[in-house]
Amino acid sequence: MLQLTPQAMRIIDIYDDGTHARHFTFEPKGFVHDEPISIGQFFMLTLPGAGIAPFTYTSIPDKTGRFNALIRNVGHLTEQLFHLKIGDVLGYNGPFGRGWPVGLIEYKEVLIVAGGCGLAPLASTIDYLIDHSHAQSITLLYATRDSASQVLKKERARWSSNIKLFEVFEVGGGSDHSGLPTQHLSHLLNKDERYPDIVLTCGPEAMMIAVAQSCTELGLKTSDIWMSIERRMRCGVGLCGHCYVANSYACKQGPTYRYDEFMALESKTVAFEKHQNLFQYC
Amino acid sequence: MSRTQVNSICPFCGVGCGIALVASDNNIIAVQPLNKHPISQGKLCAKGWNTPFGISRHGRLTQPLMKVDGKFKIVSWQHALSYIAKNLKQFISESGPQSVGLISSARATNEDNYAAQKFARAVLKTNNIDHCARICHSPTVAGLKKTLGSGAMTNSIDDVGKADVILVIGADPTENHAIIGGQIMKAKLCGAKLIVVDPRQTRLAKVADLHLQLKIGTNIALLNGLLNIIFTHNWQNDEFISQRCEGYDALKAHVADCTVEKTTAITGVYGADLVKAAKLYSQANAAFLAYGMGITQFVSGTNNVIAVSNLALICGQIGREGTGINPLRGQNNVQGACDMGCLPNVYPDYQSATDKQVRAKFSRAWHTEVAALPGLTSLGMSHQARHGNFRGLLIFGEDPVVTDPDRNKVAQGMRAMDLLVVIELSMTETAKMADIILPAASFAEKQGTFTNCERRVQLIHQAVTPPGEAKVDWQILKELADKMGLPELMNWQTTEQVFDEMSQLTDSFSGMSYPRLKLNNGLQWPCNKEFPDGSRCLHSKNFPIGKGKLIPVDYVLTDEIPDADYPYWFTTMRLHFHYGCGSMTRKSPLLERETPIGLLFIHPQDALDLGLKNHQGVTVSSRRGCVETRVEVSHQVSPGLLSMPYHFKEAPSNFLTNDAMDPNTEMPELKVCAVNIIPLPEGQPPRSSVLSDIGSRND
Amino acid sequence: MIDAKKIVNNQYLMNDLGILKRHLAKCYSIVQIQKDVDGENLWTEQFSDICEPLFGHDHLPLTSPKGFLFAEKEELYKFDGETFKTIVPQVQPKVLFGVQACDLSAIAYQDKFFKHDPYYQKRRENTLLIGIDCESPCANGFCVQVDAGPHVKDNTADLVLSRLNADEKKGSSEWLMIAQTEKGINSIKGLMLDKSENKHLKLRKKLLEKVRSEFADYSYISNAIEYLNDNSVPAQLWEELSVRCLGCSGCTNLCPTCSCYSTYEVVEKQPDTPVSISTEVKLEMTQSKTIRCWDSCLFQGFQKEASGHNPSQKAAQRVERFWFHKFSDEYLPEFQRYGCVGCGRCEQTCPGTIGVHSVMKRIDQQCCS
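Read top to bottom, the protein sequences are chains A, B and C.
To convert, note that position 264 of the first sequence is 264 in the numbering used here; the numbers rise steadily by one, no gaps.
To convert, note that position 135 of the second sequence is 1135 in the numbering used here; the numbers rise steadily by one, no gaps.
To convert, note that position 113 of the third sequence is 2113 in the numbering used here; the numbers rise steadily by one, no gaps.
These aren't lab readings, by the way, just hints derived from the structure by calculation.
Since the model is a prediction, treat every value here as computed from it, not as a measurement.
One thing to keep in mind: the hints can contain errors.
[Stated by the list, open to error] Reference listing, derived: stretches of chain A covered by chain C, where coverage requires no fewer than 3 residues with Cβ under 8 Å from a Cβ of chain C:
id, segment
1, 5-13
2, 101-115
3, 153-160
4, 163-172
5, 262-272
We put the beta carbon where it would ideally sit given N, CA and C, even for glycine.
Just need the whole structure built from these sequences, with the hints factored in.
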C-alpha cells in the first residue's frame, strides 16, 4: 500500500540564494531513506496547515540522510515556507519519479541548458558527473532574467573549474550574454566543432521546448534531448491526477522526459496554440 | 458512520435548483443534484457543487461575541441579547424608533424575513427594514409596479425552452444563474435566436446570434431606438396594444426622434444590428426577455426597467408561454425577502406601509401598534448614521462593507452607530466591525422556504444541527422580542407556524401550506382562490393595474463619466466561481484556486498603452477611494472600459463605486463610474484591503 | 479487487430477495437505491424496514455508488506539531445491494486505479458487491458500446442477481443468483438455496440478447471513439464545444470512473481565540489535518502552477482531454477497458449541453463530412 502520510523532517540550514529564492537543507526526523534516490527525482514537501508541493533534490541525500532543495517564493505554500526557521518540522514523502539518465552519459559531451530555478533539478547531475569524471566535457548554458536572479551561488562556484559555464541574461547582459538561451545555442554548439551527444534542459516549459526545437534544427536527435517537466502535484504517486501529460503522469513516468517521448505524448491530443508566456523565469 | 440524505434547495442564486445534502456524523460531506427537480433536472453549477465547503462547521461562528477593548470576547446568549435589548430600548426612548433598524438577509428563509419585518414594525415600531434588493432589483420592483402593477418575473424559467427568440439585457446568466444560462444555450442549439445586449462580451454574447455591445449606461437610448425602429416599420403588436395597454400615442411621439443614426451615435451599436434585433424581437412568436444588474444598477435604474417594459408591451411579448419580462433575481431568497415585506415601504405581499388600512390590518392581526413613520432604506440608514441620527442596527447575513457602494462611506456609517449587531455564519468584513456578533444557522441547519426568481416557493429541510450555539434567525428575533418585553408577539414554536401566520395575512400566499408545497415541488405565487395551484405565467388576461402603462422615459448620462483625471469607464461583474462577498464560495479550495485574488479586466489595447503585462499589479482609483489588484487582459471588455468582480475582500471594487442614487428607489449606480489606473512596478504584489481583526484597514 | 483466478460461479435460484437481505443484514449495513419522498432515486443506507429493491432502467440513480469507496472527502493524515499520523477510515461492513453493470465496471476500473491506495482499499475490502442485470436500456445509457453492460460483466461483483421472470399478478419474481467470488459465497453461507440448472443460465443469456436488441442506435458513439483515437477531431470543434463548459464539475462528480482529487489543510482552532481570523500559520501551535476531496480536470485551475504556468489554460484543451481520458486506447493496457462505462450521467447533468451524447454526436457529424 502507498503511504500518503508524510514522514517528519527538520530544517537545519537556510540561506537566501537568488531573488526570491532560498536554499534549504533538510534532515529526516525519525526515519531513514530506505530507497536509493536517483538524480533528478523529486520529493513532496508538506507544510502543515498550508499544503503540499513537489520540489527537486538539489543534492540527493548523503549518508546522514540530509539533502538540499532550492525553493523559490512564488505562491501560497512557498510564501508560508519562507516564514520558517531552522528547527521547524515539515512533512516529507519521496523519492518519486524518473530521474536524469546519468547512466547514458558516460564519456559523452553534455550540454546542459538551465533557465532560472531550473538549475536546481540539474545541480545534482552536474555534481555527479564531475565527481565521477564521467563526462567527456560538460557545458552549462544558464539563462536568467538578470544576474541577481541566479541561484545556487555556492554550487556554481564549486563547478566553475570543472565545467564550461556560459551565462545569459534577459536584462543587463553585455552584448554577448544578453537575450534568450536559444539565441546562443548555435554559437555554443559550433564553438568547439563538437556537438554535444546529449542535452539536458530544465526551466520554464516554453523555454525547454524552444531549446529542444533549436537543438533539433541544429542537427541533434530528438532522442538525445532530455527535459524535466514541472506540473502541479498533490500526491506524487499518480493518484491525484493533476500532473497529467496526455496519458502519463509527470510524477511517475516523468518528471524527466525525453524530447521525442514528450512530443509523442503531446501529439495524442490536438496541439492548440498555447499561451505564449515564454521565458517567464521562475 | 452512515450517510443520510436530505433534499433541499441550493443556497446560492435565484434559480433555486434542487440539491440533496449528504450528511455523515452531523457534517455535510457532499451534495448531489436532483433529477426530478423541475428546474435543475439533475444539474448544479460550480457553486452548488461546492456547497459543503461554504457551510462547513470549520470556520463558523459558534458563540455570541462582544467587542470589549477592541477584542472579541465570547459571551452568553443571555448576556448578548439583554445587552442588545437594553440598548435598543434606550435608543428608541431617547431618539425615537427612527433611530433603529434591521437589514434582513436575502439568503435567509421567508420565515426569517417575515419575522424580521415583524420585529421591526411590531417590536421596535419602526419601518426601517431593508435588504440587499435595494442594490439589486429595487428598480424592478418599483418600475414594473408602475407599468404592470407587479414587480416579479412574469413567466417561468422553463419558458426559455418555449421561446423562439431570447433577449438578454444587462445580465450574464451563465455566470450567476448558470442553470438558466445553460437552458438559454440549449434553446439556441435547438433553434431559438439569441440576442445579447451588454457592454461586455459575455459567454452568451459569444454564442449569440446578435451581440449589441452598447456603450455602458446607454440602455434607454438603445431601447428607445428599438421602439423607434419598430414603430417605423409597423412591427408593433397593434392588437395587444389596443386591448392591453395605455399611453401608446405619447410613447410613439416620444421616441419619434430617437432615430437609428442618433441611437448609433449614443450607443455605438450599428444601425443594421439595431434593426435586426428590433425585427427579431417584435416578430417572434414568443420572445423571452431576461435582464439583470446591467439594467437596474443605475441612477436611471427605474427608468431603465420601464424602458424594458415598454418594449415588451408594445410587442405583446408578455402574458403567454415563451414570453415575458423576466428580471433574474440574484439571491436564493431575494424574491422572498421582498415578498415578505423587508422593504421600508411595504408589508408582506407588497401591501403599502403608508396605507392606513394596511397598517390597521396588521396591527389587529399582531395585537399591537405598528410603526407609523415612513422608513429608511439601507443606504438611508447609513446616511442618517453618518449624521448622528441613526444609532442601532441589526444586520442579518449581509456584508455591506464588501458589497455596498462607496465602501469608505459604508464603513464611516457603521462606525458612527452606537450599536452594530451582525448575525452571520462566519467572520466577514462587516462582522469585524460589529459590536456584537451572533452566530447563525445555515440553510442546511434549518427548515423553511425560499422563493426563487420565478416566484416558486420551495421547502428546504434540515440536514445537520447548527454548530455550537448558533441559532436560526427567527428564533433569535423571538428571544430578542422576549428580552424587549414583548414575548407574545413572536411566540412561534415551529417554522411552519411562522409560514402559516404569514400566508393568512397575504393574498399571494394564501393558498400555500407546507403540505401543499411538499406535494408540488413548491408553488409559484400568486397561489390563492383564483389560482389554487399557483401561477406559471402572470398577466395572461389583465395586469394588476388593468392595462399596462407605456411610460416615455429619457436617456440620461450616468452620474459620472470619464474625464482627464479619471479617464476610464469602470463597471462591476460576477464570476461563475464565486458568490457575493465570497464568504461561502471562497472557503472551497477548488473555487478559490480558479482566480487570483481580485482581477481587473482590461482590453489588450489599453494594457499595451499602459505597458501592462497580464496579471501585473495596478492601483485603481476613483473619486471615492482606491484599491490594488491585478489586471486580466481580455477581449471581454472594449477599449476604455474596465470591469471588476466584486467578490474579493482583498480588492473590493466598492472602494471605487459611486453611490449616486436613483431618486425612485435609492438604488446606487454600482454599474458605472470613472476610474484611473496606475501600474505597480512589475513583480510587486498588490496590497490587500482586508480589514484587521478589529475592523480597521491595514494601511 | 476481484481476482480473476478465484472466480467460482455457484449458481442458485431465489424467489424472495428479502430472505437474502435479511441474512446479509446480520453482518452488513445494507445500502441500496431507494426512491425518496420527492421521487428521486438515491443510494441510501437502510436500517429499518427492508423493502423490495428497485430495479430496471427507470431506476438508475443520478449518482453512482462511487462515494462509498472513493469518498467525496477523506481525512488522510494529521499533524500534532511533531509527527504526522495516518487517519484510518472508520468503516463498517457494507453491502451495495443492486449495483448496475455500468457502475460495477466502473468499480472494477477504480479497483485497478486505486490498487495501492490504503483509504480506498479499506473501504473496498469492507464492501460486498451485489450486482443486478439490467432489464431494459436506461434513458442515456450506452453500456453496450463500451462493453460495460447491460448484464453484469464477469469478475465485477461478488453476487450477481438476474431476474429470470416476474409474475406481476402474484407480485413475485424468480431470480438467478450467481456467487462469483469467495467473499460472495461466504456471505450466503447458512442460507438454504436451490441450485439452478443449465436452462436458467440459458435463459439469462437470452434475456441479455433481448435487452441488447432494445438499445437505440448508438453507432455515432462507436464512430466518434474511432475519430477520437485517430486524433482527427479538429481544434475548431473543441473550441466550439468548450465555450459551453461552465466548469461546474458536474460531469467529473457524477462520472463513476473519475478519480482526480485535491488536498487541503484544516487547521484546528487555537483554543483561546474564539474565531480563527489570522491566516498565518504558526507551526508550533498547529494541529492540522490534511483532507482530500474530489477535484475536476475541467477547472481552469486544475493544472495551474504557482508560477502561473498553466499547461491546460484553454477550456478547449481541458474538454478534449476529458474525452481522451474516457475513450483513448492508450489506457487499455492498464485498465483493459475504456474509462467510460456508458452510464450517460454526464449528459443529464451538464448545463452546457456537452455531455457524452452531445459531444459524440457532434464529433460524428463533423468528422463524417
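Verification of the hints:
A count of 4 residues in the segment 5-13 of chain A with a Cβ less than 8 Å from any Cβ of chain C is obtained; the coverage claim is therefore met, three being the minimum. For the segment 101-115 of chain A, the stated coverage by chain C is not satisfied: 0 residues place a CB nearer than 8 Å to a CB of that chain, which falls below the threshold of 3. With 0 residues having a beta carbon nearer than 8 Å to a beta carbon of chain C, the segment 153-160 of chain A misses the requirement of three or more and the stated coverage is violated. Coverage of a stretch by a chain is defined here by at least three residues with a beta carbon nearer than 8 Å to that chain's beta carbons; for the segment 163-172 of chain A and chain C the count is 0, and the condition is violated.
Restraint check on the segment 262-272 of chain A versus chain C: 6 residues with Cβ-Cβ distances below 8 Å, three needed, restraint holds.
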